[in-house]
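Novice: Listed below, chain by chain, are the residues.
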Amino acid sequence: MKTKRTVLLFEDSKTERPVILAALEKTMPKDVAVIPFIGGGNSKKGTYESRIKKDFKALGGADFIICDQDLSLIPDYPGLSAQVVTALAYAEGIPVALYGRGKEDFMTQRLKARRPFLERRFVLHLDHLNWDAEKFAVKARIIFDGCQQILGFLERNLGKKKGKPIGWTPAKWMSQLLERPQIVNRLDLYGSGDQQYLSWLIASGKEDEPKQLTRVLAAELSYWLWDSILRFPGITVNMVAAASLLNLSPATWDKPNVRALFEAAKYHGPFGVDKEFWWRDELQAIVRRAGADDGLAFVKAKGVKAAVRSSCRVDPTLPAGCYCMLAEKPVSQANSVGSIPYFPSGADLARISRPEFKRVAPWAGLQMP
Amino acid sequence: MDVYNHYQGLLEVFTKCANESSFGIPDSRVKLTKLHPPAATWYQLELQAGYLSLKTDISDGHINGIAEAWGLPSGELEILIYPREQIRIDDPWNIKRSQVEIAYLFYNIELDKTALLLGLHFDFGVKNDIDEPEVAHPLFHVTLTPSPMNLKGILHHRKVDTTRMEGIPSVRLPTAHMTLPSVLLSVAADHFQPAAFNKFLRYMRGEGNYPTMTNNLFEQRMKKQKNRMRSCAWYADLPPVTVI
Chain A
-19 MKTKRTVLLF
-9 EDSKTERPVI
1 LAALEKTMPK
11 DVAVIPFIGG
21 GNSKKGTYES
31 RIKKDFKALG
41 GADFIICDQD
51 LSLIPDYPGL
61 SAQVVTALAY
71 AEGIPVALYG
81 RGKEDFMTQR
91 LKARRPFLER
101 RFVLHLDHLN
111 WDAEKFAVKA
121 RIIFDGCQQI
131 LGFLERNLGK
141 KKGKPIGWTP
151 AKWMSQLLER
161 PQIVNRLDLY
171 GSGDQQYLSW
181 LIASGKEDEP
191 KQLTRVLAAE
201 LSYWLWDSIL
211 RFPGITVNMV
221 AAASLLNLSP
231 ATWDKPNVRA
241 LFEAAKYHGP
251 FGVDKEFWWR
261 DELQAIVRRA
271 GADDGLAFVK
281 AKGVKAAVRS
291 SCRVDPTLPA
301 GCYCMLAEKP
311 VSQANSVGSI
321 PYFPSGADLA
331 RISRPEFKRV
341 APWAGLQMP
Chain B
305 MDVYNHYQGL
315 LEVFTKCANE
325 SSFGIPDSRV
335 KLTKLHPPAA
345 TWYQLELQAG
355 YLSLKTDISD
365 GHINGIAEAW
375 GLPSGELEIL
385 IYPREQIRID
395 DPWNIKRSQV
405 EIAYLFYNIE
415 LDKTALLLGL
425 HFDFGVKNDI
435 DEPEVAHPLF
445 HVTLTPSPMN
455 LKGILHHRKV
465 DTTRMEGIPS
475 VRLPTAHMTL
485 PSVLLSVAAD
495 HFQPAAFNKF
505 LRYMRGEGNY
515 PTMTNNLFEQ
525 RMKKQKNRMR
535 SCAWYADLPP
545 VTVI
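Residue numbers (my numbering), protein chains in the order written: chain A, -19 to 349; chain B, 305 to 548.
Next up, chain A with everything else stripped away, as it sits in the complex (with noise of 0.2 Å):
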């Protein structure tokens, strides 16, 4: 029987696996077991998909999977792609994080861009040139206990049920999740239109097991969570995002006295220690129960007398407001376009700068309003 939690990772070259492995063992918790594939396994015939699957299965399965983008090194998988790799986790309901070499390589922007949750995938940056590879194992180790920690979350509420479907929504479970059950329909919005989302539970056959059911629709609140809850400012804000809706300066909300006035919005849900996440309710909830018309002003009325305005990045003469997730930098509603289709429905504060948008917008099939 399983004692261990595993990590299996996938890793090419036979020069920098030892290094990453070893950084990954180094930050994982005690309980966690890095294992890598090395290929050479006992099937050699058969699709690729089949081959590592029953290799994969050889290995004892895994809790989540890290692989390198390219794999043409593996022995007996001569072209093997992350590609194949997604699938097998995607059909086992592993969480998977793929990484390429360098902080602003081609291929990890290109993964960037891609809107990773939609291909159910985290994505890992390798800073090879500085040979970082301890931040790189830290942010593993933060996605890691994030997705573990929304599958014990599910394991333990559908354990009540006694493998009967409950029956909620994904936007209902998150909600329960982040126990936040007053934001579900803002969390429903975040899951409109992506249609994709929901294709899981088409692929998962009858024979599945309840607890791979359960397995794959945590990868799912995993991705979900990471690559678009928390990454399109709406029901969260990143710091910049913070500063921008409360009308601070980047610098005024740096102050450690500003942001204590604010520690009650700190968002502690999962994947909470990668950056810092604000509940954008809660900040309102604190200026407007203050009487305040802005941030600027609570924290004025709070003593901070030098607190200074946020500025609008295409026209600093007006406070900002809304945050550009291009140039991921406040910019005023009036100097931004918003509803961007590639965006999800909730996400009002997620915008894109009318100069970038400008740049775009011909190459992305968008029409100025």
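These are computed hints drawn from the structure, not numbers from a lab.
Possibly wrong hints are sitting among the right ones.
Said to hold, decoys possible - Now the in silico label distances, taken between C-beta atoms and shown as ranges:
id: 1; chain 1: B; residue 1: Asp416; chain 2: A; residue 2: Lys(-6); range: 54 to 64 Å
id: 2; chain 1: A; residue 1: Arg239; chain 2: B; residue 2: Gly369; range: 48 to 58 Å
id: 3; chain 1: A; residue 1: Pro342; chain 2: B; residue 2: Pro330; range: 30 to 40 Å
id: 4; chain 1: A; residue 1: Ser61; chain 2: B; residue 2: Arg333; range: 48 to 58 Å
id: 5; chain 1: B; residue 1: Tyr308; chain 2: A; residue 2: Arg269; range: 17 to 27 Å
id: 6; chain 1: B; residue 1: His460; chain 2: A; residue 2: Ser61; range: 22 to 32 Å
All C-beta atoms, glycine included, are put in the ideal place defined by N, C-alpha and C.
Go by the hints and put chain B onto chain A.
Specialist: Using the frame of chain A, we list chain B on its own:
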């Protein structure tokens, strides 16, 4: 003009603007049924799901401000809109009868109970033989009610507490010409975010998207009394909105 595509287009724009205002709408498909087949001129216009359901969260600090404005605890607001209109297939504004019911439901998370906050129907109809409304009926009117004709089954099935609306006198309050497009615009005006409302309003002000009354009898009356019987909520006759 194709009535089906006209209404479907209207509901799609409404849904998009609702989404931008943090309202979810699961189904907004139109249903047209011939009234006297096979050679029908008049059709009944309804929705595939029977009603339109707009849902939004209620929580402190939410952009919609409902928790603070209405003094409600955490929960969910659902606005049900149940339209039923008799319409000429080649002319979306030639409407013989219209009834649009609305119910505002509040789901209280703590109590796990749903209560009816507001129930009403907008009404308009003429008798077939004389093209005149019923005696002593305001031509277009609204009636407040705890049990709207078509929605009451849904309220009953969902065990909605209607106490708040019980005992309200059933009087007919004269209104503007509130068929489905006007009701949608009215709901948008009340609850959508300003940019989303302006977007919907711009669409409604587009060519032929906002109703004028073309029932035969009223058309004759309107010819005699221009600008006296225009439909219309106030916002439809204002100058064009500033682009936001």
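Novice: If a hint holds in the structure, say so; if it does not, say that too.
Specialist: Consistency of the hints with the structure:
no.: 1; hint: Asp416/B with Lys(-6)/A: 54 to 64 Å; verdict: holds, 59 Å
no.: 2; hint: Arg239/A with Gly369/B: 48 to 58 Å; verdict: violated, 26 Å
no.: 3; hint: Pro342/A with Pro330/B: 30 to 40 Å; verdict: holds, 34 Å
no.: 4; hint: Ser61/A with Arg333/B: 48 to 58 Å; verdict: violated, 41 Å
no.: 5; hint: Tyr308/B with Arg269/A: 17 to 27 Å; verdict: violated, 48 Å
no.: 6; hint: His460/B with Ser61/A: 22 to 32 Å; verdict: violated, 57 Å
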